[in-house]
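Student: Sequences are here, hints too, so could you generate the full structure?
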Amino acid sequence: GESVGLHLPTLSVQEGDNSIINCAYSNSASDYFIWYKQESGKGPQFIIDIRSNMDKRQGQRVTVLLNKTVKHLSLQIAATQPGDSAVYFCAEWDSGGGADGLTFGKGTHLIIQP
Amino acid sequence: DTAVSQTPKYLVTQMGNDKSIKCEQNLGHDTMYWYKQDSKKFLKIMFSYNNKELIINETVPNRFSPKSPDKAHLNLHINSLELGDSAVYFCASSERLGSNGYTFGSGTRLTVV
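Residue numbers (the numbering used here), protein chains in the order written: chain A, 1 to 114; chain B, 115 to 227.
Quick caveat, the hints were computed from the structure, so don't treat them as lab data. Virtual Cβ for every residue (Gly too), placed ideally from N, Cα, C. Hints may contain errors.
[Stated by the list, open to error] Now the stretches of chain A that chain B is said to cover, found in silico as 3 or more residues with beta-carbon under 8 angstroms:
id	segment
1	10-22
2	44-53
[Said to hold, decoys possible] Derived DSS-like pairs: lysine-lysine, alpha-carbon spacing no greater than 27 angstroms straight-line:
id	chain 1	residue 1	chain 2	residue 2
3	B	Lys185	A	Lys42
4	B	Lys123	A	Lys42
5	B	Lys155	A	Lys68
6	A	Lys68	B	Lys166
7	A	Lys71	B	Lys154
8	B	Lys181	B	Lys136
9	B	Lys150	A	Lys42
10	B	Lys136	A	Lys42
11	B	Lys185	A	Lys71
12	B	Lys133	A	Lys71
13	B	Lys136	B	Lys123
14	B	Lys166	B	Lys185
15	B	Lys181	B	Lys150
16	B	Lys166	B	Lys154
17	A	Lys71	B	Lys136
18	B	Lys123	B	Lys158
19	B	Lys150	A	Lys106
20	B	Lys123	A	Lys68
21	A	Lys68	B	Lys181
22	B	Lys181	A	Lys42
23	B	Lys136	B	Lys154
24	A	Lys42	B	Lys133
25	A	Lys42	B	Lys158
26	B	Lys154	A	Lys106
27	B	Lys166	B	Lys181
28	A	Lys106	B	Lys136
29	B	Lys158	A	Lys106
30	B	Lys154	A	Lys42
31	B	Lys185	B	Lys154
32	B	Lys123	A	Lys106
33	B	Lys150	B	Lys133
Tutor: Below is the structure:
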């Protein structure tokens, strides 16, 4: 399953399938990006990050892809499990932008169906 | 041990009251933040503190005042609470100003009635 991030806040996929969560960021000067996972009743947790000098980074079952040309970021989760159900946020950082902190996207709610 | 801890986890109060939310981090980080998450899950930064100095203050009403007795603590005091203040408030910390690895607390759900 695939989301378009800001325009589709909920993504429902079958357990075992791959999922793709998309994010469009706004600041072309952003040079560092993070995906966070937020489970119900908890704070955001770091999943994976990528710097702007990279196009792809892989973790355990997760891959982040960065397309700076169109300011697009995606998170791919392989073989989704029930524990993957959560809201996923992309966050961007402009290291030359002073102390403004991380700017978060609006989030996508991933639902894993059995 | 919890890295970033907030208290209380839930807070229900009446309009017009004054309340505080406490945050402590045991990571030895220099910078702490407060974020507000609205009903649509949108996370927006409110404040950041670096070595007890306020670094940024977004368009937050002055009814909100962060207080940092030391670099391990950043409390949020809210005066004259309004219905629109109902949200989940998250504390976070990072190793230093400009460091982008944030560790978040578990949040405080504030409900103003």
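Student: Next step is simple, just say for each hint if it's right about the structure.
Tutor: A quick look at each hint next to the structure:
1. 10-22: Per the Cβ count (0), the hint is violated.
2. 44-53: holds (count 4)
3. B:Lys185 x A:Lys42: holds, 23 angstroms
4. B:Lys123 x A:Lys42: Roughly 10 angstroms between the alpha carbons, so the hint for lysine 123 (chain B) and lysine 42 (chain A) holds.
5. B:Lys155 x A:Lys68: holds, 26 angstroms
6. A:Lys68 x B:Lys166: Since the Cα atoms of lysine 68 (chain A) and lysine 166 (chain B) sit roughly 36 angstroms apart, the hinted pair is violated (cutoff 27 angstroms).
7. A:Lys71 x B:Lys154: Answer holds: lysine 71 (chain A) to lysine 154 (chain B) is near 23 angstroms, not above 27 angstroms.
8. B:Lys181 x B:Lys136: Between lysine 181 (chain B) and lysine 136 (chain B) the Cα gap is close to 9 angstroms, so the pair holds against 27 angstroms.
9. B:Lys150 x A:Lys42: holds, 14 angstroms
10. B:Lys136 x A:Lys42: holds, 16 angstroms
11. B:Lys185 x A:Lys71: violated, 36 angstroms
12. B:Lys133 x A:Lys71: violated, 41 angstroms
13. B:Lys136 x B:Lys123: holds, 10 angstroms
14. B:Lys166 x B:Lys185: holds, 6 angstroms
15. B:Lys181 x B:Lys150: Since the Cα atoms of lysine 181 (chain B) and lysine 150 (chain B) sit roughly 16 angstroms apart, the hinted pair holds (cutoff 27 angstroms).
16. B:Lys166 x B:Lys154: violated, 31 angstroms
17. A:Lys71 x B:Lys136: Violated, because 37 angstroms separates the two Cα atoms, which is more than 27 angstroms.
18. B:Lys123 x B:Lys158: holds, 19 angstroms
19. B:Lys150 x A:Lys106: holds, 13 angstroms
20. B:Lys123 x A:Lys68: violated, 39 angstroms
21. A:Lys68 x B:Lys181: violated, 39 angstroms
22. B:Lys181 x A:Lys42: holds, 24 angstroms
23. B:Lys136 x B:Lys154: OK: lysine 136 (chain B) and lysine 154 (chain B) at ~24 angstroms, within 27 angstroms.
24. A:Lys42 x B:Lys133: Satisfied, since the Cα-Cα distance of roughly 22 angstroms is no more than 27 angstroms.
25. A:Lys42 x B:Lys158: holds, 16 angstroms
26. B:Lys154 x A:Lys106: holds, 8 angstroms
27. B:Lys166 x B:Lys181: holds, 8 angstroms
28. A:Lys106 x B:Lys136: holds, 26 angstroms
29. B:Lys158 x A:Lys106: The hint holds at about 10 angstroms.
30. B:Lys154 x A:Lys42: holds, 15 angstroms
31. B:Lys185 x B:Lys154: At roughly 31 angstroms apart (the allowed maximum being 27 angstroms), lysine 154 (chain B) and lysine 185 (chain B) break the hint.
32. B:Lys123 x A:Lys106: holds, 23 angstroms
33. B:Lys150 x B:Lys133: holds, 15 angstroms
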